[in-house]
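Enquirer: Same order as they appear, the protein sequences are chains A and B. Using my numbering, you'd call the opening residue of the first sequence number 203 and step up by one each time. Using my numbering, you'd call the opening residue of the second sequence number 257 and step up by one each time.
Check the hints yourself; a few may be wrong.
[To be verified] The following residues of chain B were derived to be distant from chain A, with all beta-carbon distances above 10 Å:
(1) S267
(2) I276
(3) V279
(4) D284
(5) L288
(6) Q291
(7) P297
(8) I307
(9) V315
(10) N331
[As the list claims (entries may be wrong)] With a straight-line Cα cutoff of 30 Å, these simulated DSSO-like cross-link-like pairs (lysine-lysine) come out:
(11) K333/B - K226/A
(12) K329/A - K285/A
(13) K285/A - K263/B
(14) K287/B - K263/B
(15) K222/A - K361/A
(16) K333/B - K222/A
(17) K287/B - K285/A
(18) K226/A - K329/A
(19) K329/A - K333/B
Everything labelled a hint here was simulated from the structure, so no lab data went into it. Every value quoted in this text rests on a predicted model; they were computed, and no experiment measured them. Glycine included, each C-beta is placed from N, C-alpha and C at the ideal position.
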Amino acid sequence: MVNAPAESALTTVDLPRFGKCSYKEEDVFAFPWGLPGFEDLRMFIVIQLETQDSILWLQSLDDVNVSLPLGDPWLFFPDYDPKMPSFARLSLDLREAEDYTILAVMVGTDGGPTFMNLLAPIVVNLKTRIGRQVPLETSRYTCAMQIPVPAAVAEAQAKARAAAQAEPVSE
Amino acid sequence: MLVLSRKLNQSIVIGDDIHIVVVSVDRDTVKLGIQAPREVPVHRAEVYEEIQRANRAAVPGTVPPPSQRPAAPANLKSSRQPPKT
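Between the sequences and the hints, there should be enough to build the whole structure, so can you do that?
Expert: Below, the structure written as structure tokens:
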């Protein structure tokens, strides 16, 4: 007799990076085409650590050793303009913009994120929960675009400048 | 690997609906025209290889200290809207 878990039952995995994590079937995202470099990995969950609110970890369920940090590209690149190629629109059934999400793979998160892959964003249809990495048909972006000073730091710098200006300056 | 010789403007067909035609030949550069169904992704091989390398490099080698609590699976929200085209 097969001991299959009932629908919505919790499955617990021991993740080398994040420890024990329980997920439901509804939490799983399917990547039917795999990911370049990880072509055999098809099932993923998304993990967010309390200490890293700007990073989402795309955690493979097929190989628990594989987890890729993803981030909101517009957080760092406000003019990012990924035109979805027709193969992506058709294969992911992308219609309304609010039905899908576009995230970028980050590199160098151990010492703080340093690069973002804007050439090939991860696109996920939120209704079907099917995702795919989509290489854009453009030479505007690369796989490793330097992340500018984080927004928080920029804000702090702006505040510091404003404070300095508020002080009477003798000229 | 199947190797075929083609002259200028000659083409090959892959399956029923992928046509590749030699558009021009200039020294060591061959220009190809590719006609494929809209759902078929077509990329330069170097681009795909670069994405493979970038993805492998993105997986961190080191494991964070156990003090970083594992979280329950998160959900995804729709992106901020990219500019309308």
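Enquirer: Confirm or reject the statement that P297/B sits farther than 10 Å, beta carbon to beta carbon, from all of chain A.
Expert: Given that some Cβ of chain A is not farther than 10 Å from that of P297/B, nearest at about 4 Å, it is violated.
Enquirer: Examine each Cβ of chain A, and state whether all of them lie more than 10 Å from the Cβ of I276/B.
Expert: holds (17 Å)
Enquirer: Could you check that no beta carbon of chain A comes within 10 Å of the beta carbon of N331/B?
Expert: Answer for N331/B: violated, closest chain A Cβ roughly 7 Å.
Enquirer: Hinted pair, alpha-carbon criterion (30 Å max): K287/B, K285/A. Please report holds or violated.
Expert: holds (24 Å)
Enquirer: Are the Cα atoms of K226/A and K329/A separated by 30 Å or less?
Expert: The given pair, whose Cα atoms are some 16 Å apart, holds under the 30 Å limit.
Enquirer: Below or equal to 30 Å on CA atoms is what counts here, so check K285/A against K263/B.
Expert: Since the Cα atoms of K285/A and K263/B sit roughly 35 Å apart, the hinted pair is violated (cutoff 30 Å).
Enquirer: Does the alpha-carbon distance linking K333/B and K222/A stay inside the 30 Å limit?
Expert: Answer holds: K333/B to K222/A is near 24 Å, not above 30 Å.
Enquirer: Against chain A, does V315/B keep a CB gap of more than 10 Å to every residue?
Expert: violated (6 Å)
Enquirer: Take the C-alpha atoms of K333/B and K226/A, compute the straight-line distance between them, and say whether it is at most 30 Å.
Expert: holds (18 Å)
Enquirer: Please confirm whether I307/B is truly not at the interface, meaning its C-beta sits more than 10 Å away from all C-beta atoms of chain A.
Expert: About 4 Å separates I307/B from the closest Cβ of chain A, which leaves it inside 10 Å; violated.
Enquirer: Taking C-beta pairs only, is Q291/B more than 10 Å away from all of chain A?
Expert: holds (13 Å)
Enquirer: Verify the proposed pairing of K287/B with K263/B, using a straight-line Cα cut of 30 Å.
Expert: Holds: K287/B and K263/B sit about 12 Å apart, inside 30 Å.
Checked against the numbered hints listed earlier, the structure breaks hints 7, 8, 9, 10, 13, 15; every other hint is satisfied.
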